[in-house]
Structure formats: C-alpha cells, structure tokens
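As they're listed, the protein sequences go chains F and R. Under this note's numbering, read the first sequence as residues 8 to 335, first letter to last. Under this note's numbering, read the second sequence as residues 3 to 297, first letter to last.
I should point out that these hints are in silico values taken from the structure, not numbers from a laboratory. Check each hint, because a few of them may be wrong.
[Said to hold, decoys possible] With the Cβ distance kept under 10 Å, some of the chain R side facing chain F (calculated, not the full set): (1) I106; (2) M108; (3) A112.
[Claimed, not checked] Per label pair, the in silico range of CB-to-CB distance: (4) R:V69 with F:W178: 54 to 62 Å; (5) F:V297 with R:P88: 14 to 22 Å; (6) F:I132 with R:V187: 42 to 50 Å.
Computed from a predicted structure; not experimentally measured. Glycine included, C-beta positions come from ideal geometry on N, C-alpha and C.
Residue-level listing of the chains:
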Amino acid sequence: MKKYTLWIAGGLGALLLLLVPLYFKSTFVLHIYTLTFFYIGLTAAWNIMAYGGNLSLGHASFFAIGAYVGALLYVKLGISPWIGLTGAVAASFVGGMILSMPLIRLRGPFFTLATIAFTEVLRLIAIDWRDLTHGSAGLNIPFDLGWLNLTFKSGAPFYYIALALAVGSVWLSRWVRYSALGYHLRAAASDDQAAEALGVDFNLVQITALLISATLTAVLGLFYAFYSYVLEPATLFSFELFSLQPALNAIIGGMGTVWGPVIGAVFMTPLGEFLRFYLGTIQQGLNYVVYGIILIMTVRFFPGGILSLLTPLGVRFKRWIGDTGDNQ
Amino acid sequence: MDFYIQVLISGLLLGGIYALISIGLNLIFGVVRILNFAHGELVMLAMYGTFWLYKLYDLDPYLSLVVVLPAMFLFGVVLQRFILQPVLTTSGVMKMFTTVGISILMQNLALILWKGDFRAVQTFYSMSTIKFSGLIISIPRLVAFGAALLSIILLYLFLKYTYVGKALRAIVEDHATARLMGITVERHYLLAFGLGALFSALGGTLMMPFSSVYPTIGGPFTALAFVIVVLGGLGSMGGTFLAGLFIGVIEAFAGTFVSPGLKEAIYFVIFLLVLMVRPQGLFGMGRGTEEIGLK
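Same shape as in the complex, but just chain R (with noise of 0.2 Å):
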C-alpha cells in the first residue's frame, strides 16, 4: 500500500511542474490564439541558462531565477514581436509551422552551441529527502511542486483583480470585441507571450536541481502540455492545473506498472480521446474557440 501513495506522491509532484509549464502555453493559446510548438525549447533554454549560471558563476538554480525568469520573459516578448506578429493575420495553421520552425530552429542551435551531452547541476540539496512514515519525498521536488502551486495562485490573482489581467481575459474571450472597448490587443499579446515564456522557464528551472538537460528536452514537454491544455480546457487556469496532476500520477502509475517505453504513448490516447468526446477539454470555456479548430 505504502508503495502505491508512494508513486502516487511521486506523480503529484512531477504533475505540478507539468502545470507550470502547461498554464504557460494555455496562456499564449487563450490570449494569442497561437498553438506554440516550440513551447518546450522554452524550457531548454531556461534549463540551459540556470545550469550555464551555475557552471560560470556557481549561482545556486533557485537565485539564478533573478536572471533567468527576466530574461525569458523578455526572450518570448521579443519572439512575439519581430517572428510572430508579422504573420498573426495568415492562418492558425500557418501560425503553427513558424512555431515548429522557432523549435527546429532552437534546438538545433541549442546542440550547436551546446553539443548533445546531458548537462546537469549538482548541488548538496539535489539528493536530500524528508522521510515521513514510511514514505520518501525528495526535497527539491517538493520545493518545485510549492513554487508550481504558489505561482499558479499568483498568476490567478493577478489575471482575476488586476486591470491588465481582465484585458487579458476579455481578450482570451473575444478578442474584437476587446479591442472596440479601447484595449491594445497587440500590447497584450507581447505580455501573454511574455509571461507564458516566463511560466515555463519557471518550470524548467525548478527541474534543474533534480534533472539534466540536453537540446532534445523540448519536444517531450511540448507534447506534454498540449495534452495537458487540451485536457484541462482552453483558458482554463483551474483545469490546467488539474490536469497537470493527473498526467503527472498516469505517467508515473504507467511508468511503474505497464511499460516505461508506453508511458507516452499512453497519454497521447487519452488525448485523443478527450478530443473525440470532448474537445473542449474537461473545464473548457468552449467560447470563442471556434476560430482555433474547437467547436
């Protein structure tokens, strides 16, 4: 029994990262109506300049966030601005391939520049755990789930009280209709993509204690959140986190009990499947989806 909370408890934590990363996307999709393949380059390159901090100027990966967090922030307004932007009146399919064009594009410099190896931090936390009643929980881990959790909260405060944050949803519901009401929709989309960037750099770097990073982590995580966003609802912050829990206990639960080699393979079904019952997603708004392929 102890052995099931175990991987149970193992899962929670990995789904809470996968929220972060995922409530990243789910806010670039709401707000700019752009599915961002190269979502999970994000997180590499988050990943790659906590761990370049580390090797160069031996900050610890949590105050490395100082830098990092600003910088990705700025990084996804710029890729709005100057590749994005231009082509935001083609069609959401065309808007995709310039997405998977930025992947193709950062990983492939990331080896470049980066070589293949798997680089990781080592620090005297990394390995530390708590024992309570049988059970080991890993302390950094749990670090990232209460960072994850806190931040998801902020982010729903700030998008539920602040002046820019309603501008946020009201865009997220109908964008012309947002804009007639004297709201700049093109200044938000630089602060969505923004922050959707900061979101997942976030994720990537809380992983770095406990994992490595190599040029191809992307994908994987890209993968991830597009299910994770999908099963959660469009625009659902609540959903997302939900459903980041869920796929973090049904990949740690198949990775244990069916196949490692399956574990993927099994939330891609349950993709589908969401998209042939419900599309969409288990808390989506349905509203003003229409327009991204959803009705």
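So that you can see chain F by itself, here it is in the shape it has in the complex (with noise of 0.2 Å):
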C-alpha cells in the first residue's frame, strides 16, 4: 500500500505538468519549463557517460552534430525532422566512434581533455566551412507552420516534445544504470583493473555508452535546433552551454545517480536563467561570476552533490513510510 504513496505523488505531478501550458500562458514561463526539460534530458545523456567513472566535456559535439544534420537536412533537401532524426543518430554515432579512438587508451583528466579538443576541431570546421553552415553568421530554419516541419505557432508543442525527450532520457539512463552496461560501467569506474580481471571489457563498455549518450544528446540537439530556429557554431558548440552545463548540473544534483542529474537540472536552469536575466543585465559577465563560485563550492563542500544532502532524509522518509529499502 505503502508503494502506491509514491506512485500516486508521482502520477499527480505528472499530471501537473502535462495541465502548465494551459495554465500559464505567458511564453517566458513556458520557455523556462521547456530550457529545463532540454537541460534534464542532456544531462541524463550526459550522465550515462559519466557511469564509468570518465567524464566528458565535450557533448556539445553531439548536440551541435544532432542540430546541424536535422536542419542541414530540413533546409537543403526538405527533409522532415522526424525523418531526418535517423540522419542525426547515425552521424552522431559515427562522431562516436570517431571520438572512441583516442578515448580507449585513456582515462580521467586526459580523457575530458580529449572530448573537448574533439569538439574544438568541430567547431572550427563549422565555422570555416561557410557554404555549409553559414558559418558565424548563423543557419536559419525557415518558418514554415505544421507538425511535419517541427514549426508551431505557440510554445506549447515544444513544451510536450521536450517533457517527452526529458522523461525518455531519464527513462534510458535509469534503464542503463540497472542493466549488465550499468553494473559494467559502475564496477569500472570503482576499480577499472579489478573489473577488468572480473571479464569486463572496459573499452567495450566506456564505447557502448558513450554511443548511447552521444546518439541521445543529438536527438535533443536537433530538437533544440528546430525550437531556436537559428543555428550558430558559437551557441550550439559553446562549451558553457552544452559541455560544461550538463557536467555541472550533474555534479551539483549528484553524478552517477539517476535522479541527480534531474535534480541539478532543475535547480540549476531556472537559476542561470534568473541569474542572465537579472544579473546578466545589471553586469555583462556577473552571472558568470556566480557561477564560478557555485562550481568551486559544490565541489568542495559537496561533490556528492544534492543528491548526497537528500539521501538521509530520504532514509528517514522511507523508514517512515515504511519501506525497507529491500530494492535498489
């Protein structure tokens, strides 16, 4: 009876978030949920990754791959989106196992050092190669209405897609962390050397998920990209937004977990927002300050993140409910 308690809290919220569009009609507040769902879904993709122990910087890459094949498809050849999605998972897949060459032989600092030079590269060829990308000057997707183009008069569709993309991605990383994958991962991240003597295959898992994640966060990429309309290499490779973002919010929920990268986003994403919009005006470069000092602290007084704050009240909760805690 006890397990309904939750399931029905979850249901109810659920539930309140499909009922927020038809609530709220101001475009700002939408936008603020809609950033959220985006930064919830990249960094549950973020995270898989980060279940072995290695992290990245680097998955603007992935989303800016995702972002620029959708609309590259779209705008060129008139492909729909939803067709083009395939386009983007496959040349998100092949960035991946690209990226995995130099990745295999590495670990730790020098492995994030990889991922984020493997995006520079990206980026600089995005911007040099005009003809393709317009280059700095930016990609525009042109407004034409209807579901087929992913193109909608109100910010309400997008609202669904991203609160969609956010509940499957967490659905995915939850999924992966339970699987054969996620026990791999987690036993390589503790003792790589010991895993390995047990028969994981740490190359071979460090791949599995970084395909995964890379696929992910170029689903969401190309989804971003149709939700923005404008597609320029400084904001989709920005190594704040995309690559440093994810890793921050997941750091700051709880990296590793499946709920603290939900946490983090959803702390964090109205925060930076609220901070660019009051701040950012007041000072060009003051919400940046804040959040320097809020990485520097987490990972000093908390590196569990929120997440770890949480865990001994929700104990307390679940001995008072009575749960046991006999489940993972």
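Please assemble the complex out of the two chains, which come individually in their own frames, going by the hints.
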C-alpha cells in the first residue's frame, strides 16, 4: 500500500506538468520549463557516460551534430526533421566512434581533455565551412508551420516534446544503470583493473555508453535546433552552454545517480536564466561569476551533490512510510 | 624561399613564448598533478597587470616585470593554498572542475572590472624591426624569445642542481616516496604553483609590447599549453620547449597557407593523434602518470 503513495504522488506531479501550458500563457514561463526539460535530457544523457567514471566536457559536439544534420537535411533537401532524426543518430554514432579512437587509451582528466579537443575541431570546421553552415552568421530554419516541419504557432507543442524527451532520457539512463552495462560501468568506475580481471571489457562498455549518450544528445540537439530555429556555431558548440552545463548540473545534483541529474537541471536551469536576466543585465559577466563560485563551492563542500544531502532525509522518509529498502 | 624562412622565423619566435607559458603548466601538472584550466587566465591577469602599470604609472612593460612577476607568484601560491589545497584529496576530474570554476570566475571578473575592450601598450620599440638579408624580425618578439629561452634554461638548472629543485623532481616522480624521504610535499606544491604562475606571467608580459589583452584571451592559451605539454611529454622541460617551437611553426604556416580559421583545428587534431598513438608524449617519462589518466 505504501508503494502506491509514491506512485500517486508521481502521477499527480506528471498531471500537473501536463497542465502547465494550459495555465501559464506567458511565453517566458513556458520557455523556462521547456529549457529545463531539455537540460534534464542533456544531463541524463551526459550522465550515462559518467557511470563509467570518465567525464566528458565535449557533449556540445554531439548536440551540434544532431542540430546541424537535422536542420541541413530540412533546409537543403527538404527532408522532414522526423525522418532527419535517423540521420542525426547515424552522424552522432559515427562521431562517437571517431572520438572513441583516442579515448580508449585514456582515463580521468586526459579523457576529458580529448573530448574538449574533439569539440573544438568540429566547432572550428563548422565556423570555417561557410557554404554548408553559413559560418558565424548562422543558419536560419525557414518558418513554415506544421507538425512535419516541427514549426508551431505557440510554445505548447515544444513544451510537450521537451517533456517527452526529458522523460525518455531519464528512463533510458535509469534502464542503462540497472542493466548489465550499467553494472559493468559502475564496476569499472570504482576499480577498472579489478573489473577487467573479473571479465568486464572496459573499452567495450565505455564505447557503448559513449554511443548511447552521444546519440541521445544528438536527438536532443535536433529538437533544440527546431525550437530555437537559428543555428550558430558559437551557441551550439558553446563550451559553457552544452559541454560544461550538463556536467555542472550532474555534479550539483549528484553525479552517477539516476535522479541527481534531474535535480541538478531543475535547480540550475531556472537559476541560470534568472541570473542571466537579472544579474546579466545589471553587469555583463556577473551571472558567470556566480556560476564559477557555485562550481568551486560544490566540489569543495558537497562533491556528492544535492542528492547526497537529501539521501539521509530520504532514508528517514522511507522508514516513515514503511519501506525497508530491499530494492535498489 | 625568403618568404618561407620569414614564416618559419615568426613561428619560432611565437613558439618561444608558447613554450614559456606551457612550461608553467607542465610544472604545475607534474608536481601538483592538477590539470590547470585557469592557466590562460594567469597569462591574462599578468597582461592586464602590465597594461595598468603602463597606463597608470607609465611603467615600461619590461620594467613592470619587477612588480608583475612577484605578484603573480604570490597569486599562484594563494590560489593553491586556499582554493586547490582543500580539494587535493578528491579525484583528478573534480580538481579539474575546480580550476574550470577559477577560470570562469577570473575571466568574468576581468570583464566586469576592465570591460571587454582590447587594451594595448604602445612603446617606442613596439614596431621596431631588424632587417637582416631580406628578412624582417620584430625586436620585441626577438627579445621575448631570448628571455623565454634564458628563463627556461634557468629553470632547468634550478631543477637540476639546487636542493629544492631536486625535491620538486622527486615529487614529480613519486610524491608518496618523496614524502617518506622527508620532503614537505604540500609546501613544494605551493612553490610549484607559484613558479607555474610566474612563468605564464613572464610569457604574458613579454607579449604585451606587440599584442593586446582582453578578458577571454586566456582560453586559447590554456588550450595551446595543453597541446604543447601533451606533445612534449609530461615532466619533460626540453620536450615542452621543442613542442612549443613546433606548435608555433605549425601555427605560422597553417595561418599563412591553409586558413587562419583552421590553424587551431590543426593543432587540436595533432593533440588527438598524439593521445591516440603515444599518450605519454614525444619526450614524456610515462612514469607515475597512471593516476592522472595516462598509461
């Protein structure tokens, strides 16, 4: 009976989220929600790789690959983004394979450095290849209403798309965590040599996690491109926005857990937008000063993230509702 | 033919400065085992220091070294003591994130305090050149190269022959054993970070007579220094110097013959290839580097 309490609470929460676009007509509020859902998805996708203990600071590359492939197929060849999804997935898959070539010999900080270098190479090519990407000036997606073109009059459809993407990403990251792959990844994260001795092919599980994470990020990138309908290398390949932010969200929420990235994204996205609109207008750069301080303080004072602070409360809550904690 | 030699020389002169900045990174990296993402911001801070000393007190960039170098040494020590020392026991990636935080913080504080404008120092020798059998060599760039070479040799002698230098090298090889031998490891971390900051400051100040400074100038320097350190090999000062020259030449040729926009892409590709084929670098020792992610 006690288990139902959680399900009912979850169901009510979901219902409330479905009703948000009907209640809030303000585009700004809807935008914050939609952006938060995108970041939940991105952070969950990023986190799939972090299960293995090696962190990426180059997910902007996959995000941008998804965005550019989807948008270019639509703009240049008139292919609907729904079909373009397969192209985005395929391209990010190839990108992930290429990136895994240097990555398989690397661990820890050098792994991270390689992901940054990979993103920089793609970003510089995207800026330089003006015929294809229109360079720094940016590529616009023509406004042509319709479900097939992913172009809508109001913000509501994208709210639901982003919500579905967030739910799907979290579900996938939860599924990976409790699959054989997830156990192998976590074993490798705690001691890669012991895991290899027990028969875990570290390179194989790492590459698999990278490919799942990369393709999921590319899917999010494609929808984000149609949500913002302008593609600029400076934005899509942005280190701060799409490489560092998912990592920061995950660290602040609780890295390597299923719900930590969700908590981190829900906490950081509105905060980030708030800081950008209020502090950023008072003084350019002030919002990033706050960001830098949050990052330094989190690593120093609670490296386990918000979830590690909530866990003692959660245990007490579970005891209170009579859950003995025999599940994972 | 003269044109190629001209490009080669400007690449080498540039590479000297790059080597200087990268040696600071290599020192911090080898001794403290922290990947310092705020390294370029140290260069940026030193450049601003030189600029303001010139602007407010009319101090010549070369004379300002007397103030900038000790100040940046102290800044590095403070950074290590109060921000990095407390997180030394966490994983390498978490330490790296702390330096990413420092980098964001410094970059945006610079933007707030000094605005996004390009700031330059105009001295009577900024534009002066030597003409030598058809080649044109900028004097401040030549001075910078000479000073870089000299200070790298001095650092080499310091590490090789002094007691403190030997202690630093012992920590690079194995900091646990170094501690057992009675070396005060944490205190040497402070010294290494201070010296690392000092070397990047030297690079920054020497560049001021012929380049300008703005808040985001540090990012490319951080990237460049990582490429050079990895290429030259961790813990290898000579390797870093050669790799610095190599990258300077590559940049000069790529900027002239390929596309200026792609010159950075070229050295990132080199970086990825080195990591793929020989992760310990061309002259790296490969010893004791497992813990920071290289085997």
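Which hints, by number, does the structure contradict?
Going through the list in order, the structure violates no hint and respects every one.
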